[in-house]
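A.B. asks: Residue numbers (my numbering), protein chains in the order written: chain A, 6 to 130; chain B, 164 to 282.
A few chain B residues that don't get close to chain A, going by computed Cβ distances all over 12 Å:
no., residue
1, R166
2, R168
3, E169
4, W172
5, R252
6, Q253
7, F255
8, Y256
9, A257
10, L259
11, G260
12, L263
Restricting the straight-line Cα-Cα distance to at most 20 Å, the calculated cross-link-like pairs of lysine to any residue (SDA-like) are:
no., chain 1, residue 1, chain 2, residue 2
13, A, K109, A, D97
14, A, K109, B, L189
15, A, K73, B, S194
16, A, K109, A, G90
17, A, K66, B, I193
18, A, K109, B, Y187
19, A, K66, B, G201
20, A, K73, B, I193
21, A, K73, B, F200
22, A, K109, B, A186
23, A, K109, A, R92
Hints listed in this document are in silico derivations from the structure and should not be mistaken for laboratory results. Treat the numbers as computed from the prediction; the structure is a model and nothing was measured. For glycine and all other residues, C-beta sits at the position ideal for the given N, C-alpha and C.
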Amino acid sequence: MIRARTLTDARQQAHSNAELNWWIFMRISGLVLVFLILGHIYMTFIQVSESDATYIAVVNKLQNPAWKFYDWLILSLSMLHGVNGARYSIEDYVRSRPNRAWVKTIFYTISALIFTLGTIGLFSI
Amino acid sequence: MYRGREGQWAWMLHRLSGLAILAYLLIHVISISLFVFGERAYMAVHTTYELPIFSLGLIAVTAGVVYHSLNGLRIIVMDFTGRGVAYQRQMFYAVLGLTLLATAYTAFVVIGRLIGGEA
Chain A
6 MIRARTLTDA
16 RQQAHSNAEL
26 NWWIFMRISG
36 LVLVFLILGH
46 IYMTFIQVSE
56 SDATYIAVVN
66 KLQNPAWKFY
76 DWLILSLSML
86 HGVNGARYSI
96 EDYVRSRPNR
106 AWVKTIFYTI
116 SALIFTLGTI
126 GLFSI
Chain B
164 MYRGREGQWA
174 WMLHRLSGLA
184 ILAYLLIHVI
194 SISLFVFGER
204 AYMAVHTTYE
214 LPIFSLGLIA
224 VTAGVVYHSL
234 NGLRIIVMDF
244 TGRGVAYQRQ
254 MFYAVLGLTL
264 LATAYTAFVV
274 IGRLIGGEA
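Can you build the whole structure from these sequences, using the hints too?
C.D. replies: Right, dumping it as structure tokens:
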């Protein structure tokens with residue numbers, strides 16, 4: 006199957022509404038993430054140096070609910086966007102069905118654990 | 164062998180940069196989350212990140228993110244506008260040019276800081 010290039014293609018190829026919804030989600034979350042992540046990189050890497058991200062600085066920043074929300078939005082959107090993107094790759098390159106199931110199970114579990122750790126971290130301050 | 168020219172390279176780079184960014188994201192979330200275990204745990208890992216090699220690595224991460232972002236916008240333009248596909252090659256070169264420009268700026272700022280003795 007050739008991956009859909011237009012909304013009409015995607016609608017025709019989608020086996021289920023879920024697949025079509027993921028296709029649309031990738032574009033909408035991508036558009037939002039462009040601003041969130043480039044802003045994040047600019048503010049935390051280009052504007053200030055790596056050694057400025059001390060424990061105190063991180064804790065101080067996260068005491069502001071606006072930054073907490075900004076960071077959590079990045080965390081959740083980029084996790085969903087990234088994990089779904091990796092799912093496309095797994096489905097394309099892991100050809101054997103049982104292996105694919107294993108690879109996906111392990112990958113989803115690790116991602117869910119890291120997302121949980123990140124969320125607990127953000128909201129524990 | 165399939166030769167899709169610019170479109171094929173754009174797609175391959177998009178996929179590779181996406182997977183690389185995801186790998187970075189997972190590690191980044193783990194190491195930033197270490198602050199829940201207190202200042203010592205966080206700083207133990209973080210002082211290693213002050214080595215110049217990690218700052219240089221972040222320039223590569225920035226380059227990957229900028230490429231993935233701009234090419235993602237190119238994909239959106241192709242998918243949702245009627246005339247987008249006709250200009251996909253020109254847009255690919257624009258994406259490459261802007262990525263190089265942004266990476267050069269980042270490298271200029273960060274390497275300048277490293278030479279100045281700041282991590």
